[in-house]
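Chemist: Let the sequences and hints guide you as you build the complete structure.
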Amino acid sequence: MNSIDTEDFITPRYDVAIESDVRYGEAVVDFGTTPRTRPLLLDIYRPVGAPDVARPALVLAFGGAFHRGSRQTDIVQEDGHENTPISGYCHEFARRGYVCFSIDYRLTPEDPQPGTTPLLLNPMGISRDRIDFVRRIMGLPPSTPVMIANAIEAAIDDMGTAIDWVHANAQALGVAPDRIAAGGFSAGAMMALAAAYGQKSPAAAVVALSGAMGIAEMHKYIVAADAPPAILFRGANDLPGMGPINDALHLHMQTLGVDHESYIVDDGSHFYPACASITPVAGTHHASVEDAIARFLATRMVAAPGIAA
Numbered sequence: 001m002n003s004i005d006t007e008d009f010i011t012p013r014y015d016v017a018i019e020s021d022v023r024y025g026e027a028v029v030d031f032g033t034t035p036r037t038r039p040l041l042l043d044i045y046r047p048v049g050a051p052d053v054a055r056p057a058l059v060l061a062f063g064g065a066f067h068r069g070s071r072q073t074d075i076v077q078e079d080g081h082e083n084t085p086i087s088g089y090c091h092e093f094a095r096r097g098y099v100c101f102s103i104d105y106r107l108t109p110e111d112p113q114p115g116t117t118p119l120l121l122n123p124m125g126i127s128r129d130r131i132d133f134v135r136r137i138m139g140l141p142p143s144t145p146v147m148i149a150n151a152i153e154a155a156i157d158d159m160g161t162a163i164d165w166v167h168a169n170a171q172a173l174g175v176a177p178d179r180i181a182a183g184g185f186s187a188g189a190m191m192a193l194a195a196a197y198g199q200k201s202p203a204a205a206v207v208a209l210s211g212a213m214g215i216a217e218m219h220k221y222i223v224a225a226d227a228p229p230a231i232l233f234r235g236a237n238d239l240p241g242m243g244p245i246n247d248a249l250h251l252h253m254q255t256l257g258v259d260h261e262s263y264i265v266d267d268g269s270h271f272y273p274a275c276a277s278i279t280p281v282a283g284t285h286h287a288s289v290e291d292a293i294a295r296f297l298a299t300r301m302v303a304a305p306g307i308a309a
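For the sequence shown, this note's numbering begins at 1 and goes up steadily by one.
Simulated from the structure, these hints should not be mistaken for laboratory data. Glycine included, C-beta positions come from ideal geometry on N, C-alpha and C. Accuracy of the hints is not assured; some may be wrong.
As the list claims (entries may be wrong) - Ranges of calculated distance between the beta carbons of each label pair, as one might list FRET restraints:
1. Asp129 - Ala282: 21 to 31 Å
2. Ala224 - Leu140: 38 to 48 Å
3. Gly139 - Thr6: 43 to 53 Å
4. Met124 - Arg13: 45 to 55 Å
What the hints assert, rightly or not - Think about it this way: if two alpha-carbon atoms lie no more than 20 Å apart in a straight line, the pair counts; the simulated DMTMM-like pairs of lysine to aspartate or glutamate are:
5. Lys200 - Asp178
6. Lys200 - Asp259
7. Lys200 - Glu217
8. Lys220 - Asp259
Modeler: This is the structure in structure tokens:
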């Protein structure tokens with residue numbers, strides 16, 4: 001096999017091959033009526049012509065208030081702003097040499113079974129303002145705390161299942177099992193944070209694009225400096241509450257000595273493109289969201305021993 005170094009993962013250089021509708025598990029929906037299982041699917045984005053090594057991987061989940069979106073697209077246009085879809089991040093990081101996985105997961109309207117490993121410490125206290133805004137757009141009645149808690153727990157389980165599947169099948173997938181990052185946008189970022197830190201899924205790093213973790217959860221699940229490194233983003237004009245909770249996570253990690261970077265997206269709402277300019281809260285200056293992620297992952301996922309073989 002050929003050896004590779006950090007710089008190989010900074011600049012987009014490869015064409016991308018996409019394998020769609022790959023089954024990574026199954027899970028229960030219609031939980032309150034007639035329970036049934038449905039397949040959980042993902043799409044794999046691979047760099048074409050990349051050196052023959054076990055490559056770092058990204059497992060990414062879309063956003064949509066746990067109600068809408070898909071692994072193909074979660075673009076939202078709102079008040080003149082628009083986000084890059086998670087599939088777009090998968091494509092761009094496959095161009096840099098990563099094997100990327102855009103995952104499907106169960107959504108609230110499917111009435112998913114919440115699982116048997118609850119991570120939410122105050123499920124009745126979850127803010128539902130944005131969720132009910134999305135439900136009105138979808139023509140659905142207001143949510144209930146139990147409904148939303150069940151959906152969030154199910155989604156976290158699905159993220160954990162996806163990470164575990166990639167880890168278990170790493171050799172066949174051409175992935176380095178100790179170089180799997182979890183990430184996502186909004187709901188997907190919340191899932192990644194909870195799976196990596198709460199479920200202790202085998203994630204080597206976390207990429208959180210406007211994702212939240214409750215104060216109680218971060219203090220229970222992130223307790224030592226050796227927690228997986230994370231890169232955090234929020235818009236300068238993000239959803240209400242996103243700024244304080246993101247800042248609290250940054251300060252908690254800083255206090256513990258957890259390796260992390262935190263950025264504010266300049267003039268960004270909750271929905272911002274990968275090319276948006278950013279201002280560091282904790283980290284170095286980078287030109288854009290995408291550039292910061294590329295540099296962060298290259299130094300944490302590639303520069304560490306073991307990637308080249």
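Chemist: Hint by hint, note whether the structure agrees.
Modeler: Results of checking the hints against the structure:
no. : hint                        : result
1   : Asp129 - Ala282: 21 to 31 Å : 28 Å, holds
2   : Ala224 - Leu140: 38 to 48 Å : 41 Å, holds
3   : Gly139 - Thr6: 43 to 53 Å   : 49 Å, holds
4   : Met124 - Arg13: 45 to 55 Å  : 49 Å, holds
5   : Lys200 - Asp178             : 13 Å, holds
6   : Lys200 - Asp259             : 17 Å, holds
7   : Lys200 - Glu217             : 13 Å, holds
8   : Lys220 - Asp259             : 18 Å, holds
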